[in-house]
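In order, the protein sequences belong to chains A and B. Residue numbering for the first sequence follows the UniProt record's numbering, beginning at 1 and increasing consecutively. Residue numbering for the second sequence follows the UniProt record's numbering, beginning at 1 and increasing consecutively.
FYI, nobody ran anything at the bench for these hints, they're computed from the structure. Take the hints with a grain of salt, since some may be wrong.
Since copy identity is lost for identical chains, a pair holds within one copy or between any two.
Derived lysine to aspartate or glutamate pairs resembling DMTMM-like cross-links, with alpha carbons at most 25 angstroms apart [stated by the list, open to error]:
no., residue 1, residue 2
1, Lys-195, Glu-172
2, Lys-200, Asp-158
3, Lys-226, Asp-334
4, Lys-200, Glu-41
5, Lys-200, Glu-172
6, Lys-304, Glu-87
7, Lys-191, Glu-41
8, Lys-321, Asp-209
9, Lys-321, Glu-57
10, Lys-274, Asp-334
11, Lys-352, Glu-62
12, Lys-34, Asp-158
13, Lys-195, Glu-71
14, Lys-226, Asp-158
15, Lys-34, Glu-172
Number of protein chains: 2
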Amino acid sequence: MPIHTLQSDNYTIEAGNIEESSFSQLLNRFSDSKKVIIVDENTHEYCLEFLITQFEELTDAEVMLLPAGEENKVLEVSFQVWEALSEYRVGRSDLIINLGGGVITDMGGFIASVFKRGVHFINIPTTLLAMVDASVGGKTGIDLGPYKNQLGVFNTPDAVYIDKRFLSSLPESEWLNGYAEMLKHAIVFSKTHWKTIHAKTPSQITEEDIIESIAIKNQIVLADPKENGIRKLLNFGHTAGHAIEGYLLGTESPVPHGIAVAWGMSMEAELAFKTGVLNEVDRAWIQSVLASHFPPLPDFTPVKQELLSLMTNDKKNKSGKVSFVFPSEIGQADVNYSFDVDAPVLESLFFKSSDLY
Amino acid sequence: MPIHTLQSDNYTIEAGNIEESSFSQLLNRFSDSKKVIIVDENTHEYCLEFLITQFEELTDAEVMLLPAGEENKVLEVSFQVWEALSEYRVGRSDLIINLGGGVITDMGGFIASVFKRGVHFINIPTTLLAMVDASVGGKTGIDLGPYKNQLGVFNTPDAVYIDKRFLSSLPESEWLNGYAEMLKHAIVFSKTHWKTIHAKTPSQITEEDIIESIAIKNQIVLADPKENGIRKLLNFGHTAGHAIEGYLLGTESPVPHGIAVAWGMSMEAELAFKTGVLNEVDRAWIQSVLASHFPPLPDFTPVKQELLSLMTNDKKNKSGKVSFVFPSEIGQADVNYSFDVDAPVLESLFFKSSDLY
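Pulled out of the complex, with its shape left as it was, chain A reads as follows (with noise of 0.2 angstroms):
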């Protein structure tokens, strides 16, 4: 299929074979600057050999390679690129290309915000998460401890180019990871989308789709590009969703953001059922559809005070209170749900799987 351009704020996302896209007459512009690619392990064994093959003008890019992980989206490897393109005398007239999932998408694009006060950078997200989340709304950042995206700016790309054949490489893992995402943009803002995806498996996910869901997050995120109001419908199951991944990331067993997404989804579905918002069989089918994809929701009442005082840390939030986004149907939802961090109501917040199927 040909190229299909999103405009976003001020530049493209470009979905299609990145070939036949405009990225060619990009390098153009960039001929006489210095290119660098930053890529993770998997990018560099899976995806950079492809890109480079495919553009000449790469050949001689720096590549920089980074541990791959979301527990390497830090402060420590951030300042080692810095050292790398101070080393390397790299500009403000200079490229840096991030070729990778969300980390890379996102550290990379804060790595070059803050260098120099900005270089030109632009994604090439090889993750469905990347592709439908990341690498679009200009929110680039890296974690402080359990805190995810603690550190970071409102920036853009140059351009986005988004090529579906670097997902063939991906473990199923790494499809619910964006799925869950593209199941929340369908939950707060598309009846038509939750249709069209909500039965799929991961590999049933076409091109169209993920377009779809990219200019479902494009249409939210210029309508609101500062977080102020409707953008902060994209945080549906991340006040909870962060939380939890913040917290299992400092023990033996973290998950990933998509799964843990997909459970503070089912959780703040039925703390919005709980306060009258979502009418029930959303809430019932949402929470299967849900629980059909994911693995089940843990137990989490033991540790629900390390998760509320976390949630209470959300970038969201007011000092002390909570704040959700609360569906009141598939395909409509609303911002600014806020509670007291003691209010009784959170407690249904933790319920268990096996209380519901």
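Place chain B on chain A using the hints.
Chain B in isolation, oriented as in the chain A frame:
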């Protein structure tokens, strides 16, 4: 004198007694928010009590004490503040107050801009340098090894308050730091300002002089916030000056920013003269005024290669080139004089004071 207000990008700079400024109203707007005051050892001793005495809303502000000095404008210190802000549960609706010299306003601005993708901050500069330079223009940043302001973002504070009474405890060397930047503003933009200030001792500098110098910088910055063109004027003396400052930072005898810039202006005036841009009379006037206020220019010939190498890494440069701002006469300058790093004419940067006077 009454409060003097300068309108910058999307904030105001107010000069005068701070208790008569809009600071009270601003604190009222943040009455439900956490307030964090970032100080260094000096402002902790000399400025903090005065500020808190004037504004009872600050009585329970959290005070974060950082080690003083340019060598502490680094990632490690920023990291500690970010951890403390996380622990103190600071959120996007809270307020950081940077009370200090350029190190505190640059680093505090960076810390605030990057924390949770940006929390509110204001600057209360307490040195002449911070008043006339660091507090206006939306540049935040920290150093990385020998590279000055290598990490940072463009971001504006909510407000800047200039109260000359904070300068009363400054040692003379600190006055010179700011005076160098005031002379720079005069050389690149205003012969009137030059005539007013060039023969003053630092303690003769008036509030009107400070306001005039800020107004010049503000005018330049407003015309080109992201430094694509005319704003580069403000880099006069800084191509050589930053290299000297960065180089000496790693030795036993670091120099303050203002002295490095004064030396840099002298060196770059020489190069501007040798390339036929600056007239002989004004070159002599610039160099003799600088020599009358600042320590004599050392002989940097033995470390020429190190300094030139640092200059090529300056943020202003394209790969392998060194760029300068050249005055053609006092009050008039142009940007983008660019040379290959091995161009013979660059030798003329490395003259000794004794060659001239």
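The hints, checked one at a time:
no. : hint              : verdict
1   : Lys-195 x Glu-172 : within (22 angstroms within a copy, 72 angstroms between copies)
2   : Lys-200 x Asp-158 : neither (33 angstroms within a copy, 48 angstroms between copies)
3   : Lys-226 x Asp-334 : within (17 angstroms within a copy, 37 angstroms between copies)
4   : Lys-200 x Glu-41  : neither (29 angstroms within a copy, 61 angstroms between copies)
5   : Lys-200 x Glu-172 : within (13 angstroms within a copy, 72 angstroms between copies)
6   : Lys-304 x Glu-87  : between (46 angstroms within a copy, 19 angstroms between copies)
7   : Lys-191 x Glu-41  : neither (37 angstroms within a copy, 58 angstroms between copies)
8   : Lys-321 x Asp-209 : neither (36 angstroms within a copy, 47 angstroms between copies)
9   : Lys-321 x Glu-57  : between (51 angstroms within a copy, 22 angstroms between copies)
10  : Lys-274 x Asp-334 : within (16 angstroms within a copy, 67 angstroms between copies)
11  : Lys-352 x Glu-62  : neither (49 angstroms within a copy, 40 angstroms between copies)
12  : Lys-34 x Asp-158  : within (15 angstroms within a copy, 36 angstroms between copies)
13  : Lys-195 x Glu-71  : neither (35 angstroms within a copy, 58 angstroms between copies)
14  : Lys-226 x Asp-158 : both (18 angstroms within a copy, 16 angstroms between copies)
15  : Lys-34 x Glu-172  : neither (36 angstroms within a copy, 44 angstroms between copies)
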